[in-house]
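Enquirer: As a plain string of letters, each chain reads:
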Amino acid sequence: MNSINNSRSRDEMLTSIRQGIKDLRLDQSEVITPEKNIHKLSVDELVLKFSEMLASVGGEAHSLAGEGGLQSALSEILSEFKDKTALIPPDPELKETGVVQIIESAGMKVLYSNETPLEQAAEADIGITTAQAGIADTGTMVLFHTSKRGRLAALLPTVHLAILKKDLLFADKFNYLKETVSQGIDIGATPMTWVTGPSLTADIEKVLVRGAHGPRRVIVLLY
Amino acid sequence: MVQNQTRSAVRFPTRFACGNDGITNARRKLQIETKVNVKTDIKSNIRQALLDDKLRAAVRKATDHSVAQRDEVVAELPNWEEMRAEAAQLRDRALSELDKHLVTLEERAFAKGIQVHWAKDAEEANRIIAEICRDSVQTSGSGATPTTDTDVGATRASPSDETSSRPIITKSKSMTTEEIELTPYLEKQGFEVVETDLGEYIVQIAGQMPSHITAPALHLSRADIGKLFAEKLGADFVEDPVELISIARKALREKFLKADIGITGANFAIAETGTPMMVENEGNGRLVGAIPKVQIHVMGIEKVVPTWDDFLRYLELLPRSATGQRITGSVLFFNRPRNEDDRDGPEQQHLVILDNGRSKALEDPKLRSILRCIRCGACLNVCPVYRRTGGHAYGWVYPGPIGAVLAPIFLGLEEAADHPFASSLCGRCHETCPVKIPLHHQLLTLRHRVVQQRTGFSSERAAMNVWQGVMDRPELYSTLSEIPRFLLHDVLRGHWKPKLPVWGKEHDGPEIAPVGFPQMFSRESSGSEDDE
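Protein sequences appear in the order of chains A and B.
The numbering used here numbers the first residue of the first sequence as 11 and each following residue consecutively.
The numbering used here numbers the first residue of the second sequence as 1458 and each following residue consecutively.
Source of the hints: derived by calculation from the structure; they are not laboratory data.
Idealized CB from N, CA, C, for every residue including glycine.
There could be a bad hint or two in this list.
Taking beta-carbon pairs under 10 Å as the criterion, some of the chain B residues facing chain A (in silico) [to be verified]:
# : residue
1 : 1654
2 : 1787
3 : 1957
4 : 1965
5 : 1976
6 : 1979
7 : 1981
Simulated coverage check for chain B against chain A, where a stretch passes if three residues somewhere in it have a Cβ under 8 Å from a Cβ of chain A [as the list claims (entries may be wrong)]:
#  : region
8  : 1502-1512
9  : 1634-1642
10 : 1693-1702
11 : 1815-1821
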């Protein structure tokens, strides 16, 4: 399909824009970038910052020692969810880290987001996913959406639990962008959502309420 | 007002008012008047709004809260001023090569399967979007078909209409789509359009228009909203925001899951990777982006930014300025439509690039920096006029200082001649603006143009001419200024005082001085120090 369904309007608009900027010369001066005083943070410092910032917006982060720590923390958290339903994407990392087995052994029903009808998926009690990166200074997790990592598990249930490797934490968004680009990852290739804490609204009298259309409770397990 | 030409400058007459008496009267008046095409009278809107104590209290409370929150997170950044300066410079730089960035955006987005459309004006944008919507429901055979309904009034309350079989469009909040009046257009075409941002949803079911750029229902109290939900959604009356939100969540969940088409705005579109993006908090944007098979993003031409690096700088400023947050709950990057293996995300993704008067503003050296605007709404919260009147008084989709500048640009100077005057020129809008738009200067420029454009007799101009004549002649000035003092002080001896209009209703006038100022002044400056 042609990208331009209305090339005449396109041409007219571009002509009009060019007319508008014809007396403007590109500002060649150096953009004065404010000093960014970032010393390299250690993993522990990143974990601490991430946890603190996530807590400040009503989320929970738990710092755990490796996969063993992850598994025991997860079984503990999921003990609240016995006989409940978990919605998960078909993400191989969830199997490799033993997450799927723990969900099952917690006595929960597992629904895969890629094969469950929407209405049923929306009834799930908790969504469990991986996160692909974390931005410490805002407590933000980065979710890429591929066929193995759909959007729904992190979105439909009222609780979202994400697991995130500690070495995927970055000091801030600039740092994250720089590292990502330098690893040769095309940041524009895959749909992506940055999620910071539970969904929220202050549309009624500016009263902050956590839990709007997305999750009400967000848990990030750092391992 | 000399130019009493008959035009309908209020573009949303039927959605104009809000649910309280003062404004409802204004609305009734407007609805009657718009039938005979009377020019928008922002002055009378303001007068009505000022009489409405409930409205003023709600607006005051909300804006105070927003300003305090914004100040708190801004204070965390020691170099906020440098960041603003940098952002302003980057915005100008992007605008100076706007054509190039738009072409790059189009090329890169298209390469990833996003279809790009160009719309010169609101009408064209609406037509393009309606066509996409119609094509998509026909090809997908979703069973639901648009049924053209000529009675717009009947379709207005559509979100609560359970039996509807019309195709469902879920929309996340977008000022640009408000600007082009997309929702009523699509409703007329037989679609059920559901606003999903809570504030937008509330004003939609109330049949109103948003009164703030980032907090559309700021003018309504929790009781107003409770009544509205009871009336329109059949819910039990509650006032607790948590309960109100769970009512809305339940009502909207159903729409999210059934939606055929999703429409969003774009806070920015990043040219280097062809990425439309948006920020939101409620998770509604995520649902609109995840479920419908067809996704449409609508953006103004000025929303294109060349690089991710630029974009991240604006992302530091926008949530802080808009809602006092360090970052919004979600930041969405609509990088591409779904692949064959994907199970969610849109199969078809469209980006509509809208001009609608923007390139005209670009041409204007005094006004073009208005296109730096990132629609944070911070200028509304600090504006002494907005804080007292709320957004509806402006009679137009963009209120506050930004709206007072945009109205004459988008609607024409004649249509919106009073908007630039709805300001005290205090400059707080400029001080708070994260991209340093000289809003107060632009308002002054526009005032100047409004006055210059006026022809025919104007009592104001005549008076100013007389005033100028007197001020040019010091002796005449001092003689003339002596007359009222002489009459009031020496003849009437304070038995009668002039009553000043408006101000004088609540205040006594000052005592009349025994000696006139020019006389006093010349006595002082001649070095006489008799008083000692």
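Enquirer: All hints are to be evaluated individually against the structure, with a verdict given for each.
Expert: Consistency of the hints with the structure:
no., hint, in the structure
1, 1654, "7 Å, holds"
2, 1787, "6 Å, holds"
3, 1957, "38 Å, violated"
4, 1965, "39 Å, violated"
5, 1976, "53 Å, violated"
6, 1979, "51 Å, violated"
7, 1981, "49 Å, violated"
8, 1502-1512, "violated (count 0)"
9, 1634-1642, "violated (count 0)"
10, 1693-1702, "holds (count 4)"
11, 1815-1821, "holds (count 5)"
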